[in-house]
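So the protein sequences, as listed, match chains A and B.
The numbers in the first sequence follow numbering that gives the first Met the number 0, run straight up by one, and end at 269.
The numbers in the second sequence follow numbering that gives the first Met the number 0, run straight up by one, and end at 96.
It is possible that part of the hints are untrue.
Just the calculated beta-carbon pair ranges, DEER-fashion [stated by the list, open to error]:
#1 A:M0 x B:E43: 35 to 43 Å
#2 A:A159 x B:L78: 33 to 41 Å
#3 A:D248 x B:S21: 44 to 52 Å
#4 B:S12 x A:N70: 50 to 58 Å
From chain A, some residues computed to sit far from chain B (all C-beta separations above 10 Å) [to be verified]:
#5 G30
#6 R75
#7 A121
#8 V148
#9 D199
#10 S230
30 Å max Cα-Cα, derived DSS-like pairs, lysine-lysine [said to hold, decoys possible]:
#11 B:K17 x A:K257
#12 B:K49 x A:K259
#13 A:K10 x A:K188
#14 B:K49 x A:K188
#15 A:K257 x B:K50
#16 B:K11 x A:K163
#17 B:K17 x A:K10
#18 A:K91 x A:K161
#19 B:K11 x A:K195
#20 A:K161 x A:K10
#21 A:K161 x A:K188
#22 B:K28 x A:K161
#23 A:K173 x B:K17
#24 A:K258 x A:K188
#25 B:K11 x B:K28
Calculated directly from the structure, the hints in this document are not laboratory data.
Backbone N, C-alpha and C define an ideal beta-carbon position, used for all residues, glycine too.
Now for the letters of each chain:
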Amino acid sequence: MTKIIVVTSGKGGVGKTTTSAAFAMGLALEGYKTAVIDFDVGLRNLDLVMGCERRVVYDFVNVINKEARLNQALIRDKRTENLYILPASQTKDKESLTMEGVEGVLSELSESFDYIVCDSPAGIEHGAFMAMYFADEAIVVTNPEISSVRDSDRILGLLASKTKRVVESRPPVKEHLLLTRYSPERVLKGEMLSVKDIQDILAIPLLGVIPESEAVLTASNQGVPVIVNRSSEAGMAYHDCVARFLGEDVEMRFIDPKKKGLFSKFFGGN
Amino acid sequence: MGLFDYFYANRKSAEVAKERLSILIARDKIQRNQPSFLPQLQDELLAVIKKYVDIDQDDISVRLDRGEDCEILELNIALPEKKSCRNEKVGAEERLP
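With the hints as extra help, turn the sequences into a complete structure.
Quick look at the structure:
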């Protein structure tokens with residue numbers, strides 16, 4: 000049974016595309032046949048983060064408009080055989096993502112894929128709505144910043160009222176909280192909302208915490224999903240998230256400040 | 000020392016953030032479940048009352064609470080202070096079918 004996962008947040012720049020790329024890659028590396036779709040029509044970026052921007056010929060809207068077949072538009076990832084990318088259109092209008100069109104593509108993908116990851120655009124407009132409408136599960140990406148937390152709460156409201164599952168009176172979309180750009184040191188100093196603060200406010204189960212990490216920028220510079228970098232904290236944290244998503248019981252890491260060595264205790268200032 | 004400093008000087012910013020967010024999100028949630036005609040209702044009521052008493056947008060609040068078998072429309076109007084008497088608050092509740 001294919002699962003459709005939406006990666007959403009409301010606010011822009013919190014790490015939806017980074018998360019979509021990492022998560023889809025993680026699922027593929029676990030052996031699941033996975034497709035990741037960019038719903039951000041006009042601001043296509045998933046292909047860049049995945050490093051396949053030069054192989055884009057046809058896109059999501061071409062398939063909806065029947066200008067190309069699905070297998071012509073799907074780009075196979077060069078690193079793993081289980082992963083395919085469906086890029087967004089860079090030129091078309093947002094409204095070209097029609098309900099019937101999106102449903103058609105998702106149901107065709109469902110015939111052969113285990114997971115479909117939908118990378119939502121920011122905001123709560125048509126594209127974001129289309130990305131979440133058919134979802135079975137949602138990963139709500141949040142920064143420890145008040146504007147991001149508020150927007151996530153708004154998105155949770157929409158997930159609970161504006162999805163196909165709600166319309167059809169099926170069990171609601173399963174929600175997961177993913178906290179990104181977390182800095183335990185700043186939390187300790189009282190400068191940043193803690194995991195617990197954010198969980199108290201949003202009240203959904205925590206899938207994982209991605210620490211603030213230089214590896215994220217490096218990875219996107221290179222067009223490699225950060226999960227591939229298994230020596231980086233962000234890469235390890237995403238790996239844990241995928242394992243938890245698949246039902247494993249993995250302890251939370253990177254939520255406590257690093258223990259200081261003797262040297263920095265004496266000489267490191269704060 | 001400004002008002003801002005007075006309230007926030009000795010508190011951690013994360014603590015302030017959590018408090019502001021909790022209040023804001025609780026308010027967002029209430030507004031989200033309100034019917035969309037409420038702001039217009041509020042505007043029109045304001046216009047009518049303004050004919051007789053000088054009040055501001057902030058002095059009037061309209062909200063709808065849903066009970067199990069009834070809906071309660073709550074209307075709060077704060078009348079302006081008169082020379083001789085204190086602020087007066089008029090509360091009116093009306094049962095809707």
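Outcome of the hint check:
no.	hint	in the structure
1	A:M0 x B:E43: 35 to 43 Å	violated, 52 Å
2	A:A159 x B:L78: 33 to 41 Å	holds, 39 Å
3	A:D248 x B:S21: 44 to 52 Å	violated, 30 Å
4	B:S12 x A:N70: 50 to 58 Å	holds, 52 Å
5	G30	holds, 39 Å
6	R75	holds, 42 Å
7	A121	holds, 18 Å
8	V148	violated, 6 Å
9	D199	violated, 8 Å
10	S230	holds, 30 Å
11	B:K17 x A:K257	holds, 24 Å
12	B:K49 x A:K259	violated, 65 Å
13	A:K10 x A:K188	holds, 26 Å
14	B:K49 x A:K188	violated, 50 Å
15	A:K257 x B:K50	violated, 65 Å
16	B:K11 x A:K163	violated, 42 Å
17	B:K17 x A:K10	holds, 18 Å
18	A:K91 x A:K161	holds, 25 Å
19	B:K11 x A:K195	holds, 16 Å
20	A:K161 x A:K10	holds, 18 Å
21	A:K161 x A:K188	violated, 39 Å
22	B:K28 x A:K161	holds, 16 Å
23	A:K173 x B:K17	holds, 25 Å
24	A:K258 x A:K188	holds, 15 Å
25	B:K11 x B:K28	holds, 26 Å
Violated hints, in rising order: 1, 3, 8, 9, 12, 14, 15, 16, 21; the structure is consistent with all others.
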